[in-house]
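Keeping their order, the protein sequence lines are chains G and C. So for the first sequence, this note's numbering puts the first residue at 1; every next one is plus one. So for the second sequence, this note's numbering puts the first residue at 1; every next one is plus one.
Keep in mind the hints are simulated off the structure, nothing from the lab. Bear in mind that the values here come from a model prediction, so they are computed numbers and not experimental data. Just so you know, not all the hints are guaranteed correct.
Identical copies carry no separate label here, and so any pair may be met within one copy or between two of them.
What the hints assert, rightly or not - With a straight-line cut-off of 30 angstroms between C-alpha atoms, the simulated DSS-like cross-links for lysine-lysine are:
{"id": "1", "residue 1": "K325", "residue 2": "K136"}
{"id": "2", "residue 1": "K319", "residue 2": "K63"}
{"id": "3", "residue 1": "K325", "residue 2": "K251"}
{"id": "4", "residue 1": "K247", "residue 2": "K325"}
Number of protein chains: 2
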Amino acid sequence: MAKEKKLVKNITSREEDFAQWYTDVVREAQLCDYSSVKGCLNYLPNGYAIWELIQADLDRRFKETGVENVYLPELIPENLLQKEKDHIEGFAPEVAWVTHGGMEKLQERFCIRPTSETLFCDLWSRTVQSYRDLPKVWNQWCSVLRWEKTTRPFLRSREFLWQEGHTIHATYEEAEERTKMMAQIYRDFYKETLAMPFVSGRKAENEKFAGAQDTYTVEALMHDGKALQAATSHFFGSGFPDAFDIKYIDKDNQLKSVYETSWGLSTRSIGGLIMVHGDDDGLVLPPRVAPVECRIIPIAQHKEGVLDAAYTLFEELKKAGYRVKIDDSDKSPGWKFSEQEILGIPTRIEIGPKDIENHQVVVVRRDTREKMVVSIDEIVQKLKGILETIQKDMYDRAEEFLQAHIDTAVDMDEMVEKFKENRGFVKACWCGDPDCEAEVKAVTGGASTRCLIEDEEMISDECIWCKKPAKHMAYWGKSY
Amino acid sequence: MAKEKKLVKNITSREEDFAQWYTDVVREAQLCDYSSVKGCLNYLPNGYAIWELIQADLDRRFKETGVENVYLPELIPENLLQKEKDHIEGFAPEVAWVTHGGMEKLQERFCIRPTSETLFCDLWSRTVQSYRDLPKVWNQWCSVLRWEKTTRPFLRSREFLWQEGHTIHATYEEAEERTKMMAQIYRDFYKETLAMPFVSGRKAENEKFAGAQDTYTVEALMHDGKALQAATSHFFGSGFPDAFDIKYIDKDNQLKSVYETSWGLSTRSIGGLIMVHGDDDGLVLPPRVAPVECRIIPIAQHKEGVLDAAYTLFEELKKAGYRVKIDDSDKSPGWKFSEQEILGIPTRIEIGPKDIENHQVVVVRRDTREKMVVSIDEIVQKLKGILETIQKDMYDRAEEFLQAHIDTAVDMDEMVEKFKENRGFVKACWCGDPDCEAEVKAVTGGASTRCLIEDEEMISDECIWCKKPAKHMAYWGKSY
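Given these sequences and hints, build the entire structure.
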């Protein structure tokens with residue numbers, strides 16, 4: 001019993017200390033841990049299996065729109081990184097440098113890729129010649145490295161896993177369309193697969209990616225009221241590819257510029273998942289990215305017939321295509337329940353002597369704790385519906401939470417008030433001057449523009465800070 | 001017409017210059033190319049898609065035996081690499097060193113992983129305490145980097161993609177069994193999926209992995225008679241984990257050592273695939289790893305009804321689950337045939353006005369060029385069988401080639417004679433002394449032991465070089 005108490009007690013409550021709760025959940029659910037390499041993570045089986053489901057889902061969405069996967073080197077020669085001015089300024093302070101190969105000092109340093117625009121452009125500058133070579137719509141799944149000072153599991157680490165898509169197109173319009181298409185894929189993915197609602201739109205000038213002309217972002221709201229930048233899609237115009245001298249001969253025999261995009265989603269999404277859905281008992285996973293959708297827990301398993309019935313059910317569920325496990329260890333049922341809850345497994349099925357007698361099982365939902373008695377003849381068929389309901393309910397609850405945490409402000413008093421308790425997003429108008437944003441950020445204790453709102457009527461004509469004419473309305477929020 | 005000739009001419013014949021043929025096929029099929037990072041590859045869509053199919057197949061086989069995927073950092077602190085003496089000696093000369101992070105010089109250097117035994121052991125030394133924590137059966141798909149001097153696409157490059165499995169077990173027997181189990185998985189994979197035959201067995205002492213007690217290898221024979229080490233599975237005993245102080249408390253309350261294995265297969269396998277199956281017209285892919293199983297080529301596509309019929313067929317094949325493409329470009333059919341052949345697509349379907357009139361299509365096999373007339377009503381169902389036949393025939397032909405290139409030798413005259421023309425594998429006996437092997441290697445122009453033969457009667461009692469008592473019989477071969 002002492003051990004069981006310990007298991008539950010190891011998670012701080014969210015209200016008490018959200019940051020500590022997060023750390024506790026990541027540790028207790030064994031998703032990842034820090035390695036001996038400062039600031040770098042070991043992605044453990046429970047965490048990596050979530051990433052594999054995310055990859056499979058997103059990769060399918062990409063390929064349906066014609067994306068092809070590739071893999072480019074993890075090293076970038078220093079001279080390549082320097083070709084685009086904004087880009088090098090943005091990344092130089094945070095890359096790791098390789099200076100020696102084997103026993104020799106290298107003539108030119110390489111950095112470990114913090115992102116790969118430069119390598120893709122370098123490749124295309126050598127291989128793209130004609131309009132027949134366009135478009136290129138490529139993606140790679142890989143790790144990148146940024147020498148961050150402060151790190152947190154999944155949210156910010158030196159090395160992290162992601163996908164980075166890179167494309168070039170013959171026209172401005174086609175590239176812009178691709179930028180928006182990928183932003184839409186990210187929105188669909190967050191809504192349908194991670195059950196995470198969001199606000200989304202273009203980034204303000206000062207929040208854009210280094211070298212980009214436009215950045216579209218998906219911003220999700222965490223349980224503590226902070227925003228998480230969850231995916232971004234960038235439009236580069238022709239500035240970046242021009243710096244690499246990528247030109248093509250068009251049908252009219254003219255030499256022309258290409259237009260570029262890039263877009264990425266990382267293991268940060270797992271951090272978001274935890275902070276949107278988790279509760280004081282641990283992780284709560286949406287079924288579509290749950291490595292195990294259902295865990296069978298035999299009750300009084302020493303009694304005759306219990307384990308047999310449990311194994312039979314296990315085989316039937318497995319055969320039907322469910323991701324199912326059985327916990328037939330010698331731990332107590334209470335301990336097993338507690339573990340299943342910590343791991344966020346969407347459902348458990350309890351089966352004991354009484355259930356067998358009544359030809360039934362008990363299904364317990366992780367998200368609501370609702371218990372359902374289901375006939376043993378129907379469970380294989382019904383579990384699908386239960387998982388779908390959980391997926392839908394989880395989104396709806398999170399969407400309700402998001403909507404309840406979007407506010408408006410037309411002056412700074414209101415703004416400060418709304419942000420006093422980490423309230424979420426606040427809509428407010430702005431002249432577009434980064435200095436004004438910096439002032440707002442200082443006064444509110446960290447709120448900045450998360451994205452611009454372009455499809456709604458502005459709630460004010462004035463910048464919330466300087467009172468000069470407003471250029472934008474934006475979602476403001478404190479962010480991870 | 002000039003262009004069509006060029007396309008075909010760009011591939012040197014195998015008999016004329018095998019190395020050049022290989023380079024030509026890799027380039028013309030657009031599998032990969034060298035990047036601006038010396039010795040590192042760009043894996044292009046055609047090449048990477050093969051790797052994705054290899055990954056999916058192998059990953060499924062792994063998971064069926066309980067393997068869990070993880071991801072550990074790409075950087076290894078220098079002190080960790082040094083914990084196991086043989087290991088550091090084996091790898092130190094060929095790693096890349098990171099010495100600066102951001103603007104700062106690091107206190108301790110990191111190498112980019114050449115392999116990850118050290119990181120897995122480091123993690124387990126902190127997390128494994130009890131017999132309940134065992135076994136760990138983990139794998140990661142990642143890239144590794146070895147600062148090679150001479151490189152060739154897929155076969156040897158500084159950075160390459162692979163999977164590395166790492167496991168620890170409570171007993172010697174269990175670890176040994178896992179080592180052999182994974183070697184068996186590689187054998188099954190090569191036979192069933194890549195249609196590549198091989199010889200296999202334990203490596204001789206001097207050919208083992210740095211730090212391993214036993215290495216099991218799969219050695220495939222290329223068309224030029226050279227062997228390719230195609231996958232390896234290593235048994236470390238407890239030496240390696242002891243160096244990292246991984247101990248566990250067993251049920252009897254005693255502190256005990258664990259036993260370790262590791263096993264890997266890399267993008268080298270794609271190089272093997274090319275050199276076993278390719279011909280003078282380009283790549284020939286076994287259907288199971290062909291990103292496109294069938295390409296539809298409309299004939300006289302300007303004529304009424306042809307493109308419609310081709311699109312209808314395309315949709316039907318796609319719906320039935322085939323990986324199918326259609327080439328409706330404005331190139332000539334001859335040009336399209338040539339491209340399909342270069343790319344190694346296992347089948348093409350030709351459909352023209354006459355075919356439509358006769359309610360048929362023409363299926364052409366890439367491997368044999370055999371043409372088959374198939375009713376348009378039956379093609380969706382019959383293509384499956386055609387692809388299976390190709391897969392089987394490709395293996396059978398390669399197996400026949402392998403068997404025709406295994407010889408025996410009991411003295412050096414015979415040995416030299418057999419290796420004069422890059423004949424393949426030669427069975428010969430050996431005292432086990434690395435010096436004798438070195439002498440044989442020098443005299444034969446490069447033949448070394450590829451693996452030991454332990455389940456056959458020895459063909460001689462004497463070492464082929466020194467005539468002292470033979471300890472082993474081995475397959476000898478020149479290798480990539």
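Tested hints:
no., hint, in the structure
1, K325 <-> K136, "between (42 angstroms within a copy, 18 angstroms between copies)"
2, K319 <-> K63, "both (28 angstroms within a copy, 16 angstroms between copies)"
3, K325 <-> K251, "between (58 angstroms within a copy, 25 angstroms between copies)"
4, K247 <-> K325, "between (55 angstroms within a copy, 29 angstroms between copies)"
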